[in-house]
Amino acid sequence: MKLLSHYFYIIILAPGIFFGCAFMQATEPRKTAAPAPPQVSASSQPTTSQSYLTKASTYETRGDLRLALFYLKIAVDVSPQNKQISKRVVDLQQRIDANAEIQFKAGVQHYRDQQFEKARQAFLKTLLCNPQHPEALIYLKTRISPFKFLAYAAQKGEKKTDIAEKIYQDSGKAFLISYFVEETGNREILKQGIRMELPYLESVPVKQKAKTAQQPADTAPTYQLEKSASPAFNIQTEIAKADGFLKNKQYDDVLTIADKIIEHDNFSKEAEGLINKVYYQKGNDLFEEKRYLEARTYFSFIDPEYIPTEKIQATIKDILDKQAESHYLEGVNYFINEDLKNAIVAWETVLKLNPDHEKAKTDIQNAKHLLEKLQDLE
Amino acid sequence: MRLRTKTIPLSRALILMSSILLVACASSSVIPPAAIKSDAQSGFIHEYEDFVIVKTIQGDSLGELAARYLGDPSKAWLIAAFNDIDTLLPGQEIVIPLKPVQLGGLNMDGFQKVPILLYHDFSKTRSSKMKVLESSFEAQMRFLKENDYHVITLDQFLNFMEYKEQIPEKSVVITIDDGWKSLYTIAYPILKKYNYPATLFVYTDFIGGNKALTWNQIRELAEYGFDIQCHTKTHRYLTKIKEGETFKQFFESVEKELTYPKKLLKKKIDRDCNCLAYPYGKTSSLVAAMLKKYGYRAAFTVTRGGNPFYLHNYNINRSAIYGQYDLEKFKKNLDVFQPITAE
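These protein sequences, in sequence, are chains P and F.
Here our numbering is used: position 294 in the first sequence is 294, and no number is missing along the way.
Counting from 1 along the second sequence, just add 1000 to a position and that's the residue number in our numbering.
Looking at chain P on its own, in the form it has when it is part of the complex (with noise of 0.2 Å):
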């Protein structure tokens, strides 16, 4: 629990006791700026408890017993004297209290089982009911964890040396112990009952007898590694499906096949390969079928590390250069002939084919230009 102390801020409910009518509430200054001082004014109207009642009653209705308390708070704000709504807010407020409790209780159950989803959805609607729930949040945010720790305590005459051996089987790494247990001086013997919290080292086994008989009672592991619900994944199996994929292209399978490997290893340079592997043949397709923007698109893609596709994009290049050749001749046709609009098409046609012709860029502005004047002429 002192691990997590500085991750939380958590809100301290006092018990304040009052002619021997003992109730909580929250306390906490309130951190924003003060509003601007209030000016006399007469047309000062009081608002009424009604529709936050109204309010604090659909809540209710549906089941979000916080917001219905929020409301209903309100509305005894604002009419203190209803006593009726007071008593509400006191009802209400048990009500929550004791979900919170049962959905903590059923959460360290779970827990306990190792059933760590069920757990999770257990705390989470603990904190529906209590906001400020500390063992709910510790339980959320720390003990179901993917991070495993050994929770231990030194023994009377225990040298580091023996600790590093019991629990990592191997007491050259004395030198992990110095590390974490924080303890002034550079001791040999650490003094018996010292705490400390050692990492689990995943790839070196760890004695099962270290994690439970040497550890007094109340620090049972705080940290359990999470069960992974997916079944094994086999990076090999998955490349030979994809490669049969490729050969009958049906690419979108391999794409996704590549995003399963990405799930597992983010810098796979396999799903990479297959990626590229996908455009290079999609560039190809397209080419074949003479669709030469779409391929310059797929080619576009590939990374040259893994493809080199320089003499393609070349080819692609100069087959779209003499079509937007063709296209920009059409276009001045169009303009001889007074035809502005078919002209403005056909060099937009020519842009799409080579973005960088400054002619059809100047000639488009030019003819737009003349269009404008045309129509404030009509």
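Warning: the hint list may mix true and false statements.
What the hints assert, rightly or not - Covered stretches of chain P (chain F as the covering partner; in silico rule of three or more C-beta atoms under 8 Å from a C-beta of chain F):
1) 125-134
2) 140-154
3) 171-177
4) 187-201
Claimed, not checked - Calculated pairs, SDA-like style, for lysine to any residue (alpha carbon to alpha carbon, straight line, at most 20 Å):
5) K1113/F / H1312/F
6) K1329/F / S300/P
7) K1248/F / Y200/P
8) K1124/F / P355/P
It is worth saying that the hints were derived from the structure and are not from the lab.
Even for Gly, the Cβ is constructed at its ideal location relative to N, Cα and C.
Starting from the known structure of chain P, fit chain F onto it as the hints suggest.
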């Protein structure tokens, strides 16, 4: 939810006290009424410790009210969301909660998730897996703007993760790894255009190299508002022992990877680094324990998916955006909500 005492005149307080005495045990939760305060600028206001009720007048705006009562005009969304409104109308009675009412974005239907987008390198002409085209980046940022996503700072995100602060429903964080020069020449102008904050994770041995940012550029980015954080010293795997390396040498090397960039960033740009992006997104219990020892606040993987508040702070997800992504693929990385499973 008690009235702030400074607003109660003494005579009124005495009357209230005697009323409370009369009903003490029967109604222990009775709270004194608010001083009804009129405000020439804003109709009337009722101030309480947990909320304010305002009746709006002509000319009121959500931003002004947020500035006045929440101390920050950018929190206008909070008032809008709580009252389920987009704009204010004169005479509208609205409630402004002064404390977070939905920490962790948790409600009856489910909980909020915050996607963190991860970029590396950018190019004006040619994309690859790690290199995003300028035009694609521009289109992605435009998509966020046009679809009402809020790009928040890393600090706002961590306050959300630590259950301290509410953030807008469609919040997104932008991070950029390594420190490629193209961040300065391509991404920076686009982020400036959209006024989006971003976090740069640098591995310090890379900085000053041929294709990398210079320290002067990093300083400029920091002064503009970029959050500059650590991505280790050399970008080595923190989870793999190199061939011929003993465990102790490995441990000392990892220690250096975590401590050296902190010191260097402090020295070079006078910024405290308290977050780490794991090289290749890989971590272990040992690394997590070391991060804690060095006071790191959070650490980031490259596991795809949005972040619910309950994730461990040293295991935060990020979704890498690759050069080949079209907008459809980009959108798939913007998952902002998850229903709670019904039982």
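Going down the list of hints, with the structure as the test:
With a cut-off of 8 Å between beta carbons, the region 125-134 of chain P has 4 residues touching chain F; three or more are needed, and the interface restraint holds. Counting residues of the region 140-154 of chain P whose CB falls under 8 Å from any CB of chain F gives 9; the rule of at least 3 is met. Figure legend: the region 171-177 of chain P, annotated as covered by chain F; annotation consistent (4 residues with Cβ-Cβ distances under 8 Å, at least 3 required). With 5 residues having a Cβ less than 8 Å from any Cβ of chain F, the region 187-201 of chain P passes the three-residue criterion, so the hint holds.
The hinted pair formed by K1113/F and H1312/F meets the criterion: a straight-line CA distance of about 14 Å does not exceed 20 Å. Annotation: proposed proximity of K1329/F to S300/P holds, straight-line Cα distance about 18 Å (limit 20 Å). Restraint check for K1248/F and Y200/P: satisfied, since their Cα atoms lie roughly 16 Å apart, inside the 20 Å limit. Between K1124/F and P355/P, the direct Cα distance comes to roughly 14 Å. Compliance with the 20 Å bound is thereby established for this hinted pair.
Violation of the numbered hints given earlier is absent; every hint is satisfied by the structure.
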